[in-house]
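S.K.: Residue numbers (the UniProt record's numbering), protein chains in the order written: chain A, 1 to 197; chain B, 1 to 197.
Mixed in with the good hints there might be a few duds.
For identical chains, the list gives no copy identity; a pair is met inside one copy or between any two copies.
Here are the simulated SDA-like pairs of lysine to any residue, each with C-alpha atoms no more than 25 Å apart in a straight line [to be verified]: (1) K148 x S197; (2) K3 x F55; (3) K3 x G31; (4) K61 x D167; (5) K61 x P43; (6) K61 x L122.
Hints in this document: simulated from the structure, not taken from any laboratory. No experiment lies behind these values; they were computed from the predicted model shown.
Number of protein chains: 2
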Amino acid sequence: MGKRISFWFEFASTYSYLSAMRIERAAEALGVSVDWEPFLLGPIFAAQGWTSSPFNLYPAKGRYMWRDMERLCARQGLPLTRPDPFPQNGLPAARLALVAREMGHIAPFVRAVYGAQFGRGLVISDPHVLASCWAEAGLPPEAMERAKAPEIKAALFAQGERAAALDLFGAPSFVVGEELFWGDDRLDQALALAAQS
Amino acid sequence: MGKRISFWFEFASTYSYLSAMRIERAAEALGVSVDWEPFLLGPIFAAQGWTSSPFNLYPAKGRYMWRDMERLCARQGLPLTRPDPFPQNGLPAARLALVAREMGHIAPFVRAVYGAQFGRGLVISDPHVLASCWAEAGLPPEAMERAKAPEIKAALFAQGERAAALDLFGAPSFVVGEELFWGDDRLDQALALAAQS
C-alpha cells in the first residue's frame, strides 16, 4: 500500500478547488500517493435537509466564503472567477472523472475542470466546456462517450455510498487510515500523517 | 489606534477555546493589541433557523468536530474534556466577561472559563464554577454582582447588534480593519494582517 491519502472532492465545491490544485505536488514532496475520489455532495446535503449549498442557504456565510476564497486564491497564486450559477451541477464532470481514473489520468482532468469553473467562471455541465477540459488533460475525445455507460453511473453511485460510510459531510475531505480530515485547511495535517504511516 | 485585532468569541464555542488560549501571546509577539469581544451565537443561529449547535443538528459534522478538537488540542498542548450538556449556556459567563472588561482584566477570566469548560468539562452556567473562574482570574468576589446590572445586560445585547452589523455568523471571528476572518484556522492570517497595518 505505501503512504497514501484519499482526496474526496465535489466539483461544485469552492474549497476543493484549492486542494485539487496543490495536492499532487504537496503529496509528491512527502512521498505520498493520492487516491482521487470524486463524489456528489447533493445527496449528503439533501439527507441533512439542505436544498442548496450552505453558502446560499446562509447568506452571511456565503459572503464570507467568497471573500475568504479571494484571499486564499491570492496567496496560492490561483485565479478566481465566481461561476454563475453557483453551485454548479458537477454530475457530468464527476462521471467523466471516473472514466479518466480508469484510464490512469484523473488528476489533469480534475485540475482542468476546476480551473475552467473557478479560474475562468465557465459552466462545467456544458458539454463543450467538458470536452475542452478533456482535451486539455490530453485524453482522447472518443473516450468521453464511456461516461454514459451503466458501469460508470453505478461507480459514481457507489462513490456516494462509500462517502456516506466514511461519514463525510463536506468537501474537500481527506482520509488517511482511520482518520478523517475536512477542509482545505486540513490538507497539510492529513499529508503529514500520511507521510508518517 | 495602533495595530489591533478584534476577537469575537462565544463561550459555548469549541474552536473559540483554541483561539482564546493562544491569541494574547501570539498577538503580543507581533506587537498587536487584542480587543476581547464576547457575544452570543444563539440569536444569530436562531435567525438562520438553527435551534441548537450545528454540531448537534448535523451529527456527522459533530462527530468530526470532536475528533478534530482532540487532534488540535493535542497539537496545542491543551487538555480536552467534552462538557455535558453541549452546547452550554454561555450567557452568565458573557455578562461577567463584560464586567471583567470594564475592570481591565478580561483575558484571564475568559481563559479561566474556557479552561473550566473544555479543559475540565465543568458547567459554566453554574455560579460556583463561575465564582472559581473569577477568583482564578484574580478578580475581587464582590465585583461579580455587577453582572446583574441593567447596563451590563444592555452592553451584552449591544454586542449582539454589533456582531450582526459585522455580518458574523460563527465563532471565533476576527476583525482587522474591514476584513473578517472566521475560525481558529484563520487566527494567524488575521494577526499577520493586523501586524502590517
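S.K.: At most 25 Å between alpha carbons: which applies to K61 and D167, within, between, both or neither?
M.R.: Answer is both: 23 Å inside a copy and 9 Å across each meet the 25 Å cutoff.
S.K.: Cα distance capped at 25 Å. Does K61 pair with L122 within a copy, between copies, both, or neither?
M.R.: Within one copy, since 23 Å is at most 25 Å while 31 Å is not.
S.K.: Within a copy, between copies, both or neither: which one fits K3 and G31 at a CA-CA cutoff of 25 Å?
M.R.: Answer is within; shortest intra-copy Cα gap is 7 Å, inter-copy 41 Å.
S.K.: Indicate which option fits the pair K3, F55 if close means a Cα-Cα distance not exceeding 25 Å: within, between, both or neither.
M.R.: neither (34 Å within a copy, 31 Å between copies)
S.K.: Within a copy, between copies, both or neither: which one fits K148 and S197 at a CA-CA cutoff of 25 Å?
M.R.: neither (38 Å within a copy, 54 Å between copies)
S.K.: Given a CA cutoff of 25 Å, do K61 and P43 count as a within-copy pair, a between-copy pair, both, or neither?
M.R.: Classified as both: same-chain Cα gap 21 Å, cross-chain 15 Å, threshold 25 Å.
Against the hints set out earlier in the document, violations occur for numbers 1 and 2.
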